[in-house]
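Respectively, the protein sequence lines represent chains A and B. The end of the first sequence is residue 125 by our numbering, with every number in the run present. The end of the second sequence is residue 445 by our numbering, with every number in the run present.
If you're looking for bench data, these hints aren't it; they were derived computationally from the structure. Certain hints may be false.
[To be verified] Think about it this way: if two alpha-carbon atoms lie no more than 27 Å apart in a straight line, the pair counts; the simulated BS3-like pairs of lysine-lysine are:
id	chain 1	residue 1	chain 2	residue 2
1	A	Lys89	B	Lys321
2	A	Lys75	B	Lys232
3	B	Lys346	B	Lys283
4	B	Lys156	A	Lys89
5	A	Lys63	B	Lys283
6	B	Lys156	B	Lys284
7	B	Lys413	B	Lys437
8	B	Lys437	A	Lys75
9	B	Lys202	B	Lys232
10	A	Lys89	B	Lys282
11	B	Lys227	A	Lys75
12	B	Lys388	B	Lys366
13	B	Lys231	B	Lys321
14	A	Lys89	B	Lys284
15	B	Lys429	B	Lys359
16	B	Lys303	A	Lys63
17	B	Lys321	A	Lys63
18	A	Lys75	B	Lys202
19	B	Lys156	B	Lys172
20	B	Lys63	B	Lys429
21	A	Lys63	B	Lys284
22	B	Lys366	B	Lys351
23	B	Lys399	B	Lys429
24	B	Lys399	A	Lys75
25	B	Lys156	B	Lys346
26	B	Lys419	B	Lys388
27	B	Lys413	A	Lys75
28	A	Lys63	B	Lys282
29	B	Lys225	B	Lys303
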Amino acid sequence: MSVQEGLYYTKEHEWVKVDGDTGTIGISDHAQEELGDIVFVELPEEGEEFSQGDAIGTIEAVKTVSDIYTPVSGKVVEVNESLEEEAEKINQDPYGEGWIAKIDMSDESELDDLLTAEEYENMLE
Amino acid sequence: MDYVPNTKECEQEILEELGVDSFEDLIDNIPDKFIEKAGIELPEPLSEIEASQKLSKMARKNKNTLENISFLGAGAYDHFIPATVDFLTQRSEFYTAYTPYQAEVSQGTLQAIYEYQSMLCSLLDMDVANASMYDGSTALAEAVIMGVGKVRKSNKVLISPLINPRSLDVLKTYLDSRSIEYDFLPEKNGRTDFSTLSEVSKDVAAVAVQSPNFLGIVEDLNGVKDKISNKKAFLIISTDPLSNAILKSPGEYDADIAVAEGQPLGVHQSFGGPYLGVFTAKKKHIRKMPGRIIGETEDVDGKQGFVMVLQTREQHIRREKATSNICTNQGLIALAATIYMALMGKNGLEKVARLSLTKSHELADKITELDGYEMAYDQPFFKEFVVKTPVDPAKIIDKGVDQNILAGIDLGKYRNEWKNHLLIAVTEKRSSDDINKLVNFLGEF
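Bound-form chain A, shown alone (with noise of 0.2 Å):
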């Protein structure tokens, strides 16, 4: 398991990426460990408009639905079509391949609400 340094989590085990503007949103490692296989990811829609904490969409496992939760607010701008067909990315590689939205974030001083990696390391513990 691990905790990717540079990115911004929630208590319930989303991540984010911050470049300018746009927040890219995934699951952590240790959610998809706990998930087990993921069969199925239910994408938001490019355009959509979410504010911070609304439920995204959902990650399906075998035995489990998850909602995702989106750490930060605003519009989405791209979402990872890739997983349609491959939703096992995201246990395979959560921090890269298995990204789930992009998003324009439309408060970055939500981040601040977030933890750190190291914040969210020692809740894990």
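Assemble chain B onto chain A, guided by the hints.
For chain B alone, kept in the frame of chain A given last:
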């Protein structure tokens, strides 16, 4: 099911075991005001022979379609049901089995449902079907709710006013209890008017229509999906499954969900039920679909097997988020429909549909030649049509009953503007003789 009464001794033994003095002690949690004090007046017991005679006498008061020529429709039709359908559904392997809780043990039941799903997908040109719902009305209501649940931040649906009024009642009950807003589309000369659809607001989640509609008329659904697809709204089509053997199917109209009352597929009219709710959808909507879904797979030895699939869908695990909590199906009735479809085959279904179509048109032509009768709408219809009558249809219907003719349905019951409108259905069962009998009878008014 046999009724096995307890003896006094047996009753006493149970009470002692439970540590109470009387049966009433067991139900003292029921508030007093709900307890019937006066006692229920029941007649003296009858012997089996007396009870059987009494019940037969009562049953004979019902008008049935063996002794009467039926032109009744409006959702329940007198199609022919081959004897094989009843014979096979009543085999005890199927007939006595309740819903399989350990589903995979019941491979026969699962395979029957799998075949049912496959045949309906092929008939309606849809990708996926569930194991069925209670009836056509609840299937429609579930479809609309699924449409609303799918399109986020939207809580409004548009409904054709020409959906069967009884289905509309069920739909309204569902929608009101969930605070879902609905508006009716306009109508024109017996058909739903879709011309205003392109201007409808963005917050519409679904458009629901029935074709053939309540008046038997085939709706013009060309281009309807295009008008609403940029708003991501669902197109929901309720249909007569038999009509799809010869008419353009919901799949060809690009419907997101297609539902149907399955009664025409080998299900007895039985004075109103139990019937069969057919529910099908596009594959991309499968995870929002209510009800059970059976899939085909291979076991460890590579042999064909059937399983319940997609059980992680919302209604099983996340009840609070589910668009539906229905996980049951009309097992036996779905089986009857499966056997019927398998017996008829593609050609048989087509033949039944075509016969119903041509015979209903033959009757319509003959009726309009009579003085005082005319077609209420000049529109294409499948097996059911509306005529304006020279006298109150109630009079025609009552007199028909005396002559063993069930002449049709008085539409004045549903709308004032439909006074003197008689809805007549014709199935493949109606012979030329039957048709002439009704024409001669109607000519007397």
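- request: Mind listing which of the numbered hints don't hold for this structure, in increasing order?
  value: 4, 8, 24, 25, 27, 29
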